[in-house]
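Protein chains: 2
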Amino acid sequence: MGEFDLIERYFKRADRAAQRESLVSLGIGDDCALLSPRPGTQIAISSDMLVEGRHFLSTVNPAALGHKALAVNLSDLAACGAQPIAFTLALSLPSVDEAWLAGFSSGLFALADAHGCELIGGDTTRGPLNICITIFGEVPVAQPVHAPSVGGRTTALLRRGAQAGDDLYVSGTLGDARLALEVFRGTVSVPEEVFARARLRMDQPTPRVALGQALRGVATSAIDISDGLLGDLGHILKASQVGATIATEDATTLIANYSYLTGTSGTIDSEVSEKRLGWVLAGGDDYELAFTAPPALRDTVAAVAAHANTPVTRIGRIDAQPGLRLVGANGQAVANTWTSFDHFA
Amino acid sequence: MGEFDLIERYFKRADRAAQRESLVSLGIGDDCALLSPRPGTQIAISSDMLVEGRHFLSTVNPAALGHKALAVNLSDLAACGAQPIAFTLALSLPSVDEAWLAGFSSGLFALADAHGCELIGGDTTRGPLNICITIFGEVPVAQPVHAPSVGGRTTALLRRGAQAGDDLYVSGTLGDARLALEVFRGTVSVPEEVFARARLRMDQPTPRVALGQALRGVATSAIDISDGLLGDLGHILKASQVGATIATEDATTLIANYSYLTGTSGTIDSEVSEKRLGWVLAGGDDYELAFTAPPALRDTVAAVAAHANTPVTRIGRIDAQPGLRLVGANGQAVANTWTSFDHFA
Numbered sequence: 459m460g461e462f463d464l465i466e467r468y469f470k471r472a473d474r475a476a477q478r479e480s481l482v483s484l485g486i487g488d489d490c491a492l493l494s495p496r497p498g499t500q501i502a503i504s505s506d507m508l509v510e511g512r513h514f515l516s517t518v519n520p521a522a523l524g525h526k527a528l529a530v531n532l533s534d535l536a537a538c539g540a541q542p543i544a545f546t547l548a549l550s551l552p553s554v555d556e557a558w559l560a561g562f563s564s565g566l567f568a569l570a571d572a573h574g575c576e577l578i579g580g581d582t583t584r585g586p587l588n589i590c591i592t593i594f595g596e597v598p599v600a601q602p603v604h605a606p607s608v609g610g611r612t613t614a615l616l617r618r619g620a621q622a623g624d625d626l627y628v629s630g631t632l633g634d635a636r637l638a639l640e641v642f643r644g645t646v647s648v649p650e651e652v653f654a655r656a657r658l659r660m661d662q663p664t665p666r667v668a669l670g671q672a673l674r675g676v677a678t679s680a681i682d683i684s685d686g687l688l689g690d691l692g693h694i695l696k697a698s699q700v701g702a703t704i705a706t707e708d709a710t711t712l713i714a715n716y717s718y719l720t721g722t723s724g725t726i727d728s729e730v731s732e733k734r735l736g737w738v739l740a741g742g743d744d745y746e747l748a749f750t751a752p753p754a755l756r757d758t759v760a761a762v763a764a765h766a767n768t769p770v771t772r773i774g775r776i777d778a779q780p781g782l783r784l785v786g787a788n789g790q791a792v793a794n795t796w797t798s799f800d801h802f803a
Numbered sequence: 459m460g461e462f463d464l465i466e467r468y469f470k471r472a473d474r475a476a477q478r479e480s481l482v483s484l485g486i487g488d489d490c491a492l493l494s495p496r497p498g499t500q501i502a503i504s505s506d507m508l509v510e511g512r513h514f515l516s517t518v519n520p521a522a523l524g525h526k527a528l529a530v531n532l533s534d535l536a537a538c539g540a541q542p543i544a545f546t547l548a549l550s551l552p553s554v555d556e557a558w559l560a561g562f563s564s565g566l567f568a569l570a571d572a573h574g575c576e577l578i579g580g581d582t583t584r585g586p587l588n589i590c591i592t593i594f595g596e597v598p599v600a601q602p603v604h605a606p607s608v609g610g611r612t613t614a615l616l617r618r619g620a621q622a623g624d625d626l627y628v629s630g631t632l633g634d635a636r637l638a639l640e641v642f643r644g645t646v647s648v649p650e651e652v653f654a655r656a657r658l659r660m661d662q663p664t665p666r667v668a669l670g671q672a673l674r675g676v677a678t679s680a681i682d683i684s685d686g687l688l689g690d691l692g693h694i695l696k697a698s699q700v701g702a703t704i705a706t707e708d709a710t711t712l713i714a715n716y717s718y719l720t721g722t723s724g725t726i727d728s729e730v731s732e733k734r735l736g737w738v739l740a741g742g743d744d745y746e747l748a749f750t751a752p753p754a755l756r757d758t759v760a761a762v763a764a765h766a767n768t769p770v771t772r773i774g775r776i777d778a779q780p781g782l783r784l785v786g787a788n789g790q791a792v793a794n795t796w797t798s799f800d801h802f803a
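Keeping their order, the protein sequence lines are chains A and B.
Residues 459 to 803, numbered by the working numbering, are exactly what the first sequence covers, in order.
Residues 459 to 803, numbered by the working numbering, are exactly what the second sequence covers, in order.
Looking at chain A on its own, in the form it has when it is part of the complex (with noise of 0.2 Å):
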């Protein structure tokens, strides 16, 4: 099969921006594609690049992966709270494995299509699996009532907005994608109904894109952690130039697993115990939002997450004082001995 089959035949659909009224003015099939912004609009851009033995391992599921490279684009559009438009997709493979490219995009388009996002141009190439994507999203402008065509306040959630005595939030649960990757490592053994659960997390994390939107208006800050909670905070902390408290107690409800972890007896072992907060704070490969509050919007904050059907939990809270503080139960301060995750170090 020739690079121009396969792309007909996996990757180019029927005209969906007749189906509905798209930002899309011309999709996969020419040079460029392109879209056409509504006035009053700003585009966010975001791209991920995912590669074999790095980011997924050789055996994982193709569907499964489609899912992936495309959820973890969308969760960076869910982090500046922008709706999803389109997505470009240049994809690298080793050779033509039929089975395979029809479970990658029947993943891929199944995930696209719940988020309405359309795929509209790219590249394949021969080499070692890479698959690249860039999305496009539409963040409202906030205007004043004569407004400029151009210019105008943006309504994306950024980094850099987050407030001294703002409360700290975090969307979903964590820890549940590291969990899986230690069974893999044989670090921990777990039963296996709990390995499938937090192996679907790693495998098909959901992003928080109506989560993201929702928050327009009403978070200061936000970022996607996938990176781990700690080094991710850090980003929206340098940013704001603000420091940041977080109640691990609080912190260490968000674990997803955490019923299986404290045993049937209730009692945690220690050296489960030391882990899994260690899994919740730099984990890393979780894609829920942290985000920050002011305290006179906690019911707004638990009124747009509910209405995005997307749990949130209070971890902590913003300080003018630099820096990242640990709390424990007691109020003693707890050491912060994890890093977060970096390609290069």
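In short, the hints are calculated from the structure, not lab data.
Since the structure is predicted, the reported quantities are computational estimates derived from the model, not experimental observations.
Worth double-checking, as some hints may not be accurate.
Pairs count within a copy or across copies, as identical chains cannot be separated in the list.
Stated by the list, open to error - Within a straight-line C-alpha distance of at most 25 Å, the following computed SDA-like cross-link-like pairs (lysine to any residue) qualify:
id	residue 1	residue 2
1	470	619
2	733	703
3	696	464
4	696	469
5	470	509
6	696	511
7	696	675
8	696	459
9	470	557
10	696	785
11	470	551
12	470	692
13	696	466
14	733	786
15	470	611
Got chain A sorted already, so can you dock chain B onto it with the hints?
Just chain B now, kept in the frame of chain A:
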């Protein structure tokens, strides 16, 4: 060096938006970048992935590679007549080689700055060397006087507008990249200065950005012919539901190293002559434009090409009859035995 230090040192630059009117509202450093398109415009988007051993040799000069990685994307914008705005860069690197990074980023930014095209985001990861750039350009929309905010006819050059009777043109020269490749392969041998000139065209192609923009409203169709003239022209013919006839004598004059290949005696070795035509028609890796325009606009084409400081050569015409015909100097049919480049064929 960690991932963030690497980005900070080699890819993050002083805020350039302040230096000129920019559509980039937010560049590197958040979950997404933000573009603020102007009313009455569309965003043209293209993505290309370059893989070591496939698109370039490991011995390539890193500055030339930085240039080429962006040039191949700029060439896609040129083919649509778009004005470059910005790009994202996703980079998979086997290791942190600071000399390589310094060279690569210098070549990349030299070309980016020449086109006012800003790096606004991307990704870095460890893995086999892979460079994926997604590029963004601006194209005006032709609108009625009382314009709706969205909609209007695009002014982008597309593949589908060629009309029977149109002239067929190619920009610049063809075949040099293939000549350089054949020297590397050892199938031909040429004097050092000829090779140096050909290699420069292979390593540091010139995207025809100014010509593409100048052809808006003049050309009826256009395409980037990086996979080879015949194959890429085939995309115009298919999209426009037309055929074409190419005068091979006219096409042959497109080769830049023609004077060398004809020999000092002025006679052409028949084997070289045959190769030469193949390199022009299907050599590949030439970042030139093929485009069509009505014969009534010949003077206009000449004027805009001169204004864009880019030579163009008329090599044939568009026919109502489907298919692609090659005609020799005496009107005789020339068999088309060349195939277009295909990564998976």
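- Query: Using 25 Å as the alpha-carbon threshold, which applies to residue 696 and residue 466: within, between, both, or neither?
  - Reply: between (46 Å within a copy, 14 Å between copies)
- Within, between, both or neither, where residue 470 and residue 509 count as close if Cα-Cα is 25 Å or less: both (23 Å within a copy, 23 Å between copies)
- Query: Is it within a copy, between copies, both, or neither that the alpha carbon of residue 733 lies no farther than 25 Å from that of residue 703?
  - Reply: within (20 Å within a copy, 71 Å between copies)
- Up to 25 Å CA-CA - residue 675 versus residue 696, copy category: Within. Shortest intra-copy distance 21 Å satisfies the 25 Å Cα cut-off; inter-copy 48 Å does not.
- Query: Can you tell me if residue 696 and residue 469 fall within 25 Å by alpha carbon in one copy, between copies, both or neither?
  - Reply: This pair counts as between: shortest inter-copy Cα distance 19 Å, intra-copy 40 Å.
- Query: Between residue 696 and residue 459, at a C-alpha cutoff of 25 Å, which is it: within one copy, between copies, both, or neither?
  - Reply: For residue 696 and residue 459, only the inter-copy Cα distance (19 Å) is at most 25 Å; the intra-copy one is 50 Å.
- Query: When no copy is specified for residue 696 and residue 511, does a C-alpha distance of 25 Å or less occur within a copy, between copies, both, or neither?
  - Reply: neither (31 Å within a copy, 40 Å between copies)
- Query: When no copy is named, should residue 470 and residue 551 be tagged within, between, both, or neither for a Cα gap of at most 25 Å?
  - Reply: The answer is within: 17 Å in one copy meets 25 Å, while 30 Å across copies does not.
- Task: Go through the copies and call it for residue 470 and residue 692: within, between, both or neither, with a Cα cutoff of 25 Å.
- Result: Close across copies (19 Å), not inside one copy (41 Å); limit 25 Å.
- Task: Using 25 Å as the alpha carbon limit, work out where residue 470 and residue 619 are close: within a copy, between copies, both or neither.
- Result: Between copies only: 21 Å across chains, 40 Å inside a chain, cut-off 25 Å.
- Message: Regarding residue 470 and residue 557, is the shortest C-alpha distance of 25 Å or less found within a copy, between copies, in both, or in neither?
- Response: Close inside one copy (17 Å), not across copies (40 Å); limit 25 Å.
- Task: At 25 Å max between alpha carbons, let me know whether residue 470 reaches residue 611 within a copy, between copies, both or neither.
- Result: Classified as between: cross-chain Cα gap 24 Å, same-chain 37 Å, threshold 25 Å.
Checked against the numbered hints given earlier, this structure breaks only hint 6.
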